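K.L.:
Chain A is fixed; fit chain B onto it per the hints.
Protein sequences, first through last, are from chains A and B. So for the first sequence, the working numbering puts the first residue at 1; every next one is plus one. So for the second sequence, the working numbering puts the first residue at 1; every next one is plus one.
In case anyone wonders, no lab produced these hints; they're calculated from the structure. Owing to the predicted nature of the structure, the values given are computational and were not obtained by experimental measurement. Ideal placement from N, C-alpha and C gives every residue a C-beta, glycine not left out.
Chain A is faced by these chain B residues, among others (derived, beta-carbon under 7 Å):
(1) LYS176
(2) ALA179
(3) GLY184
(4) LEU193
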Amino acid sequence: MTGGPNQNGDIPSPAADADMDSQGAALGLVVDGSLSQGVEVRLDPATSVEEVKVGAFVTIKGDNNNFFGVVTDVSLGTTDPRLKHTPPQVDNPFIAQVMSGTVAYGTISVLPNLIMPAVMGDSHEGPSAAKTIPPHFSRAYVASQRDVEAVFGQEDQRHFWIGSPLDMEHKLCIDLDEMVKRSIGVFGKSGTGKTFLTRLLLIGILQQGQASSLIFDMHSEYGWGAADPENRRFAKGLKQLFPAQVSTFTLDEESSKRRQSPSDEVVRIGYGEIEPEDVEMLRETLNLSEVAASAAFNLQQKFGQREWMSKFLAMEGRDSIFELANDIQVQPNALGSLYNRLSRLKRFDFLVESTRHDAANRVIEHLDQGRHVVLEFGKYGRDLTAYMLVSNLLTRRIHNKYIDRKEEAEGGQGREPRPLVIVIEEAHKFLSPSVASHTIFGTIARELRKYNVTLMVIDQRPSGIDSEVMSQVGTRLTCLLDNERDIEAVLEGTPGSRQLRTVLARLEPKQQALIFGHALPMPVVIHTREYGSTDSYEQLSRSAAGWTAPSPGETIETQGERLEREISELFPEDG
Amino acid sequence: MTLDGSPSRRVGEVVEANSASFTAQCYTLYDAPPLGCIVRAGSAEIYGVVCRVATEPLDSSRPVLARGESAETEEEVFRDNPQLTRLLTSRFEALIAGHREGDADRHYLPALPPPVHSFVYTCSPQEVARFTSRLDLLRLLLNSGLAIADEVLGACLRGAAVAHDDSEAFLLRAGKALAAELAGDLPRLNSILKKVSP
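Pulled out of the complex, with its shape left as it was, chain A reads as follows (with noise of 0.2 Å):
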């Protein structure tokens, strides 16, 4: 038998070796393990079972390191086989006291995922990630608030305050900084509270004030707020909270005058703006075979770049379109069908024959001010066509200038674009294996920030979102998911995923979410921060006061940009 008690008898006592002030309760001691699988902690007979979570932190003294880990499994253990055909005598008292955590004890599995810095609290020195395992009978403790303060670190401009772990009140932060670097995932089953987490990391990336986001707000949640049935009351959105550096734009202009949502600006996109990429993204919603879907090119090739859209959906008659067929050299079967299903568009009122309001270069114009933007779709948000269409669309140009303007950045002849998150929700129709290789956000997930652009999707399914995608989405954050498909997409490729499926399915279907990626030391489940009462407002926009808004036409510097200002301050060149 290993741990529990020794040959004496005596049970080592956690109050003589643990100092209270910096350690937790004492757990129990490491009896086996492996890198790979995580190690296995006996408990003391004096901790029951019940007290020990799923997803709580512990702290595992080894002998000259500690080790910070997470309880991935919960067990029951016995020294004799038969304990389980013949139980003792447990109404006697004294028979059950002896027995319990002696011959019958729990164990715990834990996997520890980092080496905390030797000297605590010294900022310079993080956690790193653990690439050895505690020795035999190390003892094990309940994590203590410093410890997570050191592995998550303390909220501050960089650290936004997310939510608390499982049975803990301590503040759990995520690294803002590194979460906007890569594209960022948000999944859960509908109802799970998706859309309040993604409120609260939108706020997290505008008080950090180092990238901007563009919201493709589906069904107008973010700019405006929606109502919470949940708890009966009205959730404020973005712009409520912080007037001053949200803009909002709209497509359904009615809608939001209903709902009394102010907007800056309403959004109309001209036929001369739609590619036959777009055409190519709406096939499966359009429900056009691939021969209808690439006569597109062969109509802009006809017609010309801004004009084949208005020019074809102009024409009447089947005669017509089937001479144009021969003329084009497309099956006229195919040509018909792309002109019904294209003309479904014409009840889109944001489309018009032509504009002068560039969309695009509006919303780069706010985004350049440090401003973010949603853009709400009002009834559109019902129609999916509507949200890939215009999402897609504005996305594409919008990349298109940050590339411009990255190139130009890098010849010397421009400043930098502000690093942008783009929203998007129902993600895995843009990022389905089928369309994913032809729609500008496959392209942007895939191509990471080089070009200051990065991605925020939002979905249910993302089991449906191409693999490829996936790898490169940086951090995630999954509220509950039952589907082991799902399951399965969002653990891929992340160390640990066995152990992190028994955590995610045990996730409570509301307020709590299993985190992890670039953005935290280690995989982490929390009790997300409260959103909606008025409590939670004051703290959410007190901690954004730090950062001020910018005066409209003043532009922001990067991060890169400001240590290089100030470097020149420093040191002025000579001469």
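P.N.:
Chain B only, in chain A's frame:
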């Protein structure tokens, strides 16, 4: 030690000894320390746990005969045959559980068993509490190969518990130590625990 916690007293003399155990003869008939009692032998201060108590004829070639057929009470038998107390003797055997070396208790066998004719004493409650502050003797008793080892162990723990200030805590500690020893033999553990359960 006696179960009532009375002070140390001399009860007999070693008449036979080997590395693992010694046998002592009582000075008074029927005055043997009880089963499981911790005793100390000689100036070498060797501790043992009483594992067998026997009253038998002094001369093993002369078996005891029944003599009370016509007697009314058992006392009458002795009254009518006063020689009996001289022909019978009480002996007890103790398993060696440790010894004292200077100021320290050693919970392992001494190099040599106590010499024959060493005096044997019962221990005071303080001495018992001190000696049983470690429970290595459990293993010794469990592995003694005695048919009644579990009974001896149970009696020993019950007796030692009285000597400790917090006897329940002592029994719990002893129970956990036993559980560690008998991790793979649950039925045996269960039966011993039932014997010591307060």
